[in-house]
Amino acid sequence: MLTLSFARGCVPDKWLRRYAEIPEAPPLKAAASDDPVAELLAGECMLALVRLPDPRLEAELGSLHKVELYQEEPGIAVPAESVFAQVRGPMEAADVRGEVVHSRPRPDGRVDCAEVAQMLSVVAAGVGVVLAPRPLLELLARQKVVALGIADPAEFEFAPTRIALVWRKADDSADVQDFVGITRGRSPRSSRATAVRRERSSAKRKGRVSQGQRRRGRKPRPQRRH
Numbered sequence: 235m236l237t238l239s240f241a242r243g244c245v246p247d248k249w250l251r252r253y254a255e256i257p258e259a260p261p262l263k264a265a266a267s268d269d270p271v272a273e274l275l276a277g278e279c280m281l282a283l284v285r286l287p288d289p290r291l292e293a294e295l296g297s298l299h300k301v302e303l304y305q306e307e308p309g310i311a312v313p314a315e316s317v318f319a320q321v322r323g324p325m326e327a328a329d330v331r332g333e334v335v336h337s338r339p340r341p342d343g344r345v346d347c348a349e350v351a352q353m354l355s356v357v358a359a360g361v362g363v364v365l366a367p368r369p370l371l372e373l374l375a376r377q378k379v380v381a382l383g384i385a386d387p388a389e390f391e392f393a394p395t396r397i398a399l400v401w402r403k404a405d406d407s408a409d410v411q412d413f414v415g416i417t418r419g420r421s422p423r424s425s426r427a428t429a430v431r432r433e434r435s436s437a438k439r440k441g442r443v444s445q446g447q448r449r450r451g452r453k454p455r456p457q458r459r460h
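FYI, in the numbering used here the residues of the sequence shown are 235 to 460.
Keep in mind that the hints were calculated from the coordinates and are not lab data.
Just so you know, these numbers come straight off a predicted model, no measurement behind them.
Among these hints, one or two may not hold up.
Distance ranges between label pairs, derived from CB positions [claimed, not checked]:
1) Q352 to V301: 25 to 33 Å
2) G277 to P324: 40 to 48 Å
3) Q377 to V335: 50 to 58 Å
4) E315 to A408: 47 to 55 Å
5) A254 to P394: 12 to 20 Å
6) E255 to Q377: 32 to 40 Å
7) E315 to Q352: 34 to 42 Å
8) V335 to S421: 38 to 46 Å
9) A328 to V245: 30 to 38 Å
10) S421 to R376: 33 to 41 Å
11) G332 to G277: 45 to 53 Å
12) S407 to G323: 44 to 52 Å
13) G383 to Q352: 42 to 50 Å
14) A265 to E294: 20 to 28 Å
Derived lysine to any residue pairs resembling SDA-like cross-links, with alpha carbons at most 20 Å apart [what the hints assert, rightly or not]:
15) K300 to E315
16) K403 to A293
17) K248 to V356
18) K248 to A259
19) K403 to R322
20) K403 to L303
21) K403 to A272
22) K378 to V356
23) K248 to R423
24) K263 to V361
25) K378 to E315
26) K378 to A314
27) K378 to V361
28) K300 to A404
29) K378 to P422
30) K248 to V335
31) K263 to V410
32) K248 to A265
33) K378 to D409
34) K248 to Y304
35) K263 to A276
36) K403 to E273
37) K300 to G419
38) K248 to R396
39) K378 to A319
40) K248 to K403
Each residue gets a CB set at the ideal place from its N, CA and C atoms; glycine is no exception.
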């Protein structure tokens, strides 16, 4: 079984569905996490969808594979009863000048998910705003909070975050590569996935033949060369 830990705000559902369509692929168990990087480095999962940048990954790159998949849309959470929420359009820095920003990504782009969740309760009370990746804000937004886009993220000094798939080199396998291929747009019926399935089926058949020969006390016949 493969295990996947993904950063909150990621929505890997379509990848999971496509992976499940691969014949003979082992089950894949996925769960959201506040810190998928920590779980990956601790060996608690085989694959991780992480939010970059993360200095811990940079320090371990020699033992990891990393594939960057996409850049997240930056967003701003505002009180649902504010004039900003009524307009519903992308926000500009000038629109919220003077507003209290309770939480924002660090200068290098890192996001504190726990802090974002906590500060959204303050926004829900009608005070201030929170800056974070929009998918994360939409996931964590409370009833009295609206997540909007940002028209000029550079003016907010908001470094866009990226989502990457990371796994340990020691865990690399045909099954892991099947999932990697799905995230990169490969079809479950692609030639590469078909080759992997053939190798997996061939190995299983050889294993069954060898077991049957051992039970009958026969030695396996050497393969003929053509």
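Going through the hints against the structure:
1. Q352 to V301: 25 to 33 Å: About 32 Å separates the Cβ atoms of Q352 and V301, which means 25 to 33 Å holds.
2. G277 to P324: 40 to 48 Å: holds, 42 Å
3. Q377 to V335: 50 to 58 Å: Violated, at about 22 Å.
4. E315 to A408: 47 to 55 Å: holds, 53 Å
5. A254 to P394: 12 to 20 Å: violated, 31 Å
6. E255 to Q377: 32 to 40 Å: Taking Cβ atoms as reference, E255 and Q377 lie about 37 Å apart, which means the hint holds.
7. E315 to Q352: 34 to 42 Å: violated, 21 Å
8. V335 to S421: 38 to 46 Å: holds, 43 Å
9. A328 to V245: 30 to 38 Å: 31 Å Cβ-Cβ, so the 30 to 38 Å window holds.
10. S421 to R376: 33 to 41 Å: Because 39 Å falls inside the window, the suggested range holds.
11. G332 to G277: 45 to 53 Å: Given range 45 to 53 Å: holds, Cβ gap about 48 Å.
12. S407 to G323: 44 to 52 Å: Since the Cβ atoms of S407 and G323 sit about 47 Å apart, the hinted range of 44 to 52 Å holds.
13. G383 to Q352: 42 to 50 Å: The hinted range 42 to 50 Å is violated for G383 and Q352, with Cβ atoms some 23 Å apart.
14. A265 to E294: 20 to 28 Å: Since the Cβ atoms of A265 and E294 sit about 21 Å apart, the hinted range of 20 to 28 Å holds.
15. K300 to E315: Roughly 42 Å separates the two Cα atoms, so the pair is violated.
16. K403 to A293: Holds. K403 to A293 sits at ~15 Å (cutoff 20 Å).
17. K248 to V356: violated, 33 Å
18. K248 to A259: This hinted pair holds, its Cα atoms lying about 16 Å apart.
19. K403 to R322: violated, 45 Å
20. K403 to L303: The given pair, whose Cα atoms are some 18 Å apart, holds under the 20 Å limit.
21. K403 to A272: holds, 16 Å
22. K378 to V356: Holds - the C-alpha atoms of V356 and K378 are around 10 Å apart, at most 20 Å.
23. K248 to R423: The given pair, whose Cα atoms are some 15 Å apart, holds under the 20 Å limit.
24. K263 to V361: violated, 39 Å
25. K378 to E315: Judged against 20 Å, a Cα distance of about 7 Å means the pair holds.
26. K378 to A314: holds, 5 Å
27. K378 to V361: Given that 20 Å is the threshold and the Cα spacing comes to 11 Å, the pair holds.
28. K300 to A404: It holds: about 13 Å lies between the C-alpha atoms, which stays within 20 Å.
29. K378 to P422: Status violated; Cα separation ~41 Å.
30. K248 to V335: Since the Cα atoms of K248 and V335 sit roughly 34 Å apart, the hinted pair is violated (cutoff 20 Å).
31. K263 to V410: holds, 13 Å
32. K248 to A265: holds, 14 Å
33. K378 to D409: violated, 43 Å
34. K248 to Y304: Given pair K248, Y304 holds - Cα atoms ~15 Å apart, limit 20 Å.
35. K263 to A276: holds, 17 Å
36. K403 to E273: holds, 15 Å
37. K300 to G419: holds, 16 Å
38. K248 to R396: holds, 18 Å
39. K378 to A319: Holds, at roughly 10 Å.
40. K248 to K403: violated, 25 Å
The structure is inconsistent with the numbered hints 3, 5, 7, 13, 15, 17, 19, 24, 29, 30, 33, 40, although it conforms to all the rest.
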